[in-house]
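Chemist: Residues per chain, in single letters:
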Amino acid sequence: MRITRRKFNKGLAGTFAAAGVPSLLPQPARAASYHGPNVIIVRFGGGVRRVETIEDRTSFAPYFLNELARRGVLIPNVLIDQLKGGNTSHAEGTLNILTGRYRSYRKVGAKGLAPLLEPREPTLFEYLRKRFDIPAYQALLINGEDRPQEEYLTYGGHEHYGVAYRSEVLGLYRYRLHRLQRLLVEAARPEPELEKARKALAKLKSYDYRGAAQIPSAVISRFWDRWRDYYGDDDRRFPRGDRLLTQLAIRALRELKPRLMMVNYQDPDYVHWGNASHYRRAIGIIDQGLQHLTTAVEADSDCHGRTVFVIVPDCGRDANPLMSVPFQHHFNSRSAHEIFALIWGPGIVQGRVLDKSVDQTSLAATVGAVMGFRTEAEGRPLSEIFA
Amino acid sequence: MTSAALSAAEGRLETTQPRRLSWRRAPLSAVVTILLALNPVTAILVLGWLVCLMRRETAIAVAGILEGLGRRDAIRRLGATAEFAPLAAWTGWLAASTRRTSWTGRHFGGLVETVRAGIAAGVAILLATLPFTALLLAGWSAGWENSFNKGYEQAWVGPALSLAGIVLALFVLSHLPMALAHFAAERRLSAIFELSTIRALMREQRWRNLWLALLAVVAALPIAAAQILPVFIENWWPGFADMPAEVIEATARRWHVAPTIYLVIVLIYLRRAQARCYARAALALPPDRTPFCHAVAHALGREASRAPKARAKRGWAGAAISGVLLVAVWFGLIAQLYVAQFANHAWWNWINHPIIGLPWVFRPLGS
Chain A
1 MRITRRKFNK
11 GLAGTFAAAG
21 VPSLLPQPAR
31 AASYHGPNVI
41 IVRFGGGVRR
51 VETIEDRTSF
61 APYFLNELAR
71 RGVLIPNVLI
81 DQLKGGNTSH
91 AEGTLNILTG
101 RYRSYRKVGA
111 KGLAPLLEPR
121 EPTLFEYLRK
131 RFDIPAYQAL
141 LINGEDRPQE
151 EYLTYGGHEH
161 YGVAYRSEVL
171 GLYRYRLHRL
181 QRLLVEAARP
191 EPELEKARKA
201 LAKLKSYDYR
211 GAAQIPSAVI
221 SRFWDRWRDY
231 YGDDDRRFPR
241 GDRLLTQLAI
251 RALRELKPRL
261 MMVNYQDPDY
271 VHWGNASHYR
281 RAIGIIDQGL
291 QHLTTAVEAD
301 SDCHGRTVFV
311 IVPDCGRDAN
321 PLMSVPFQHH
331 FNSRSAHEIF
341 ALIWGPGIVQ
351 GRVLDKSVDQ
361 TSLAATVGAV
371 MGFRTEAEGR
381 PLSEIFA
Chain B
388 MTSAALSAAE
398 GRLETTQPRR
408 LSWRRAPLSA
418 VVTILLALNP
428 VTAILVLGWL
438 VCLMRRETAI
448 AVAGILEGLG
458 RRDAIRRLGA
468 TAEFAPLAAW
478 TGWLAASTRR
488 TSWTGRHFGG
498 LVETVRAGIA
508 AGVAILLATL
518 PFTALLLAGW
528 SAGWENSFNK
538 GYEQAWVGPA
548 LSLAGIVLAL
558 FVLSHLPMAL
568 AHFAAERRLS
578 AIFELSTIRA
588 LMREQRWRNL
598 WLALLAVVAA
608 LPIAAAQILP
618 VFIENWWPGF
628 ADMPAEVIEA
638 TARRWHVAPT
648 IYLVIVLIYL
658 RRAQARCYAR
668 AALALPPDRT
678 PFCHAVAHAL
688 GREASRAPKA
698 RAKRGWAGAA
708 ISGVLLVAVW
718 FGLIAQLYVA
728 QFANHAWWNW
738 INHPIIGLPW
748 VFRPLGS
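Protein sequences appear in the order of chains A and B. Sequence positions in the first sequence follow my numbering and run 1 to 387. Sequence positions in the second sequence follow my numbering and run 388 to 754.
The shape of chain A in the complex, shown without the other chains:
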């Protein structure tokens, strides 16, 4: 599948027209079937700076810079708007990417230092699933184990969207829920073990105040059953840290054929604790993850030639010269607002550097336009990246 600028603009006009006069058009009894490209959004997450990623002499992401950048359009100057009350952090940045809107969330609690944010606007998954007949398991979030609060990114509180159009989540948290439920159903273990499992399950469920994680999905359950068959019941056999996300994404590509998938890498954020090496190593691990993902897509006949990648950080990091580790945090400094993006795939210009400022919310609008649905994003779709 190849998207041309003409197709892109035509599709854009069509979707905008349809969305602009919804009351005049007959509402389809069923959403349309989807024939557009698959999109994989990679959150180069945990907050990264341009210096350690896209700057030639100082990058710790050689594959991204030397290989992937040549395949598509690198946008070195993506900005997170400096809004009053805005925050350059992970949940906020991810929601900027997913909803295309700033501050489109409300705080519903906190887990330690991490706020629990619930989107108020529809996410890309909701837009996609409302517009097209795509099952939840093909609208996937791949989450890390340290961030159960990102379970809340699956759907927003918009009255016309919501839980019916949610995404599914793959992550260690979800797997543990599944495995404990299976253990209890199987009842093959001694009673003390089952009692322990019941308590652990209750504790895990307590993180999920909306109950979305507990809605059973047969396809996802079968995915986890296969995962369990492969790795066994010992979590220590899984790839660890952000490598787990890569592995989950690759298996999902093969087994679930997602139409829209977001991989939420996060480990560069370990530098909050002051070890600079964690930041640089985590960037390298994400870089290797990108290489594995690319290889997996190219090896899959269903994905090859019809997958668009969008790589974007959730936020930048500080560049504070008064600190021993200048990039330890991302506390709303100018550098924390300065990120980048790389988009490549069929129909997208290759080897181009888009030399203009682009807003982070434009990426949601662009994904929407690529996939053929309109978003309420604040940013504009980037039509100039298409051939």
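It is worth saying that the hints were derived from the structure and are not from the lab. In this text the structure is predicted, and so the values were computed from the model without any measurement. Here a beta-carbon is modelled for each residue, glycine too, at the ideal position from N, C-alpha and C. Fair warning: there could be bad hints in the mix.
From chain B, some residues computed to sit far from chain A (all C-beta separations above 10 Å) [stated by the list, open to error]: (1) R503; (2) F619; (3) G626; (4) A733.
To give an idea of the interface, some chain A residues facing chain B are shown, with a C-beta separation under 10 Å as derived from the structure [what the hints assert, rightly or not]: (5) Y231; (6) P321; (7) S324; (8) H329; (9) Q350.
Starting from the structure of chain A, add chain B where the hints point.
Modeler: For chain B alone, kept in the frame of chain A given last:
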């Protein structure tokens, strides 16, 4: 003391004029102290100078307590003794605090004393604190390293090291101020490790000791703030990171100098207060445990006859309450350290805290 001895002492009081810190020299002395405290190497001199200051203050306090005199008269009374007259003079950077015969000894002996005291104090404090500071550093670094690598199998190691470090820190910190005062008075490296004497001293002045610990922990707050606040500099100075290098360097220097000035002032007050607390306690102990204070008493012709009466044996409840409170107060310093390190991490700050160790405020390497 006989009336003849008293009148002789009064005669000496009238004739002896101990060197005092004149208003002309005070600013120069302060500037020198602050400049030396700006660098970790020369801060060893400041540490030595503070130790000398504590010794002087101990002697003055002994004179004041035994003679029932105010500070000024106690200094004059100390100046009238044959052995300890040099301690009546302000602790300078150059002049010796003991009698010297040579010209160089008289004019530069103080510097040698300060260097020796600084190195000895540095070694003593390092030996006393390294067991817990190293554990805190290792617990933090190894713990987060393991967390990053998802080392579930040994996930307990980092927290266990940190917990052990905190427990050890609370034990050491509870004793350290009194131990440092004992070391300053006795001028022996081993004095800082004479645990039974230090504990006996603390028992004698448990509430005053507790109060001084609270003062030290509260005094450490601005130092923690000086570490934390630069994290948010762009929130009140947008675009700071893009300023010319000279502007950044000048800001970093100012940011370093201001807490250093504060630190020097606070340490002078805290160390002297601790020395006075020590003197009160030391006089209640036998001469073989606190020989310096008893030697001063002897030189004053007072011996132990004017020493505070041995107090009745205290109940365990008071000891337990003061002990728990002391540990709780010092936990405040550990909590400050963890918060400040989370905000603005630097490995050095695990090893040294300027309020208890080397009087040097860490300066970011990047500046």
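Chemist: Look at each hint and say if it fits the structure.
Modeler: Outcome of the hint check:
no. : hint : in the structure
1   : R503 : holds, 32 Å
2   : F619 : violated, 6 Å
3   : G626 : violated, 6 Å
4   : A733 : violated, 4 Å
5   : Y231 : violated, 14 Å
6   : P321 : holds, 5 Å
7   : S324 : holds, 4 Å
8   : H329 : holds, 6 Å
9   : Q350 : violated, 33 Å
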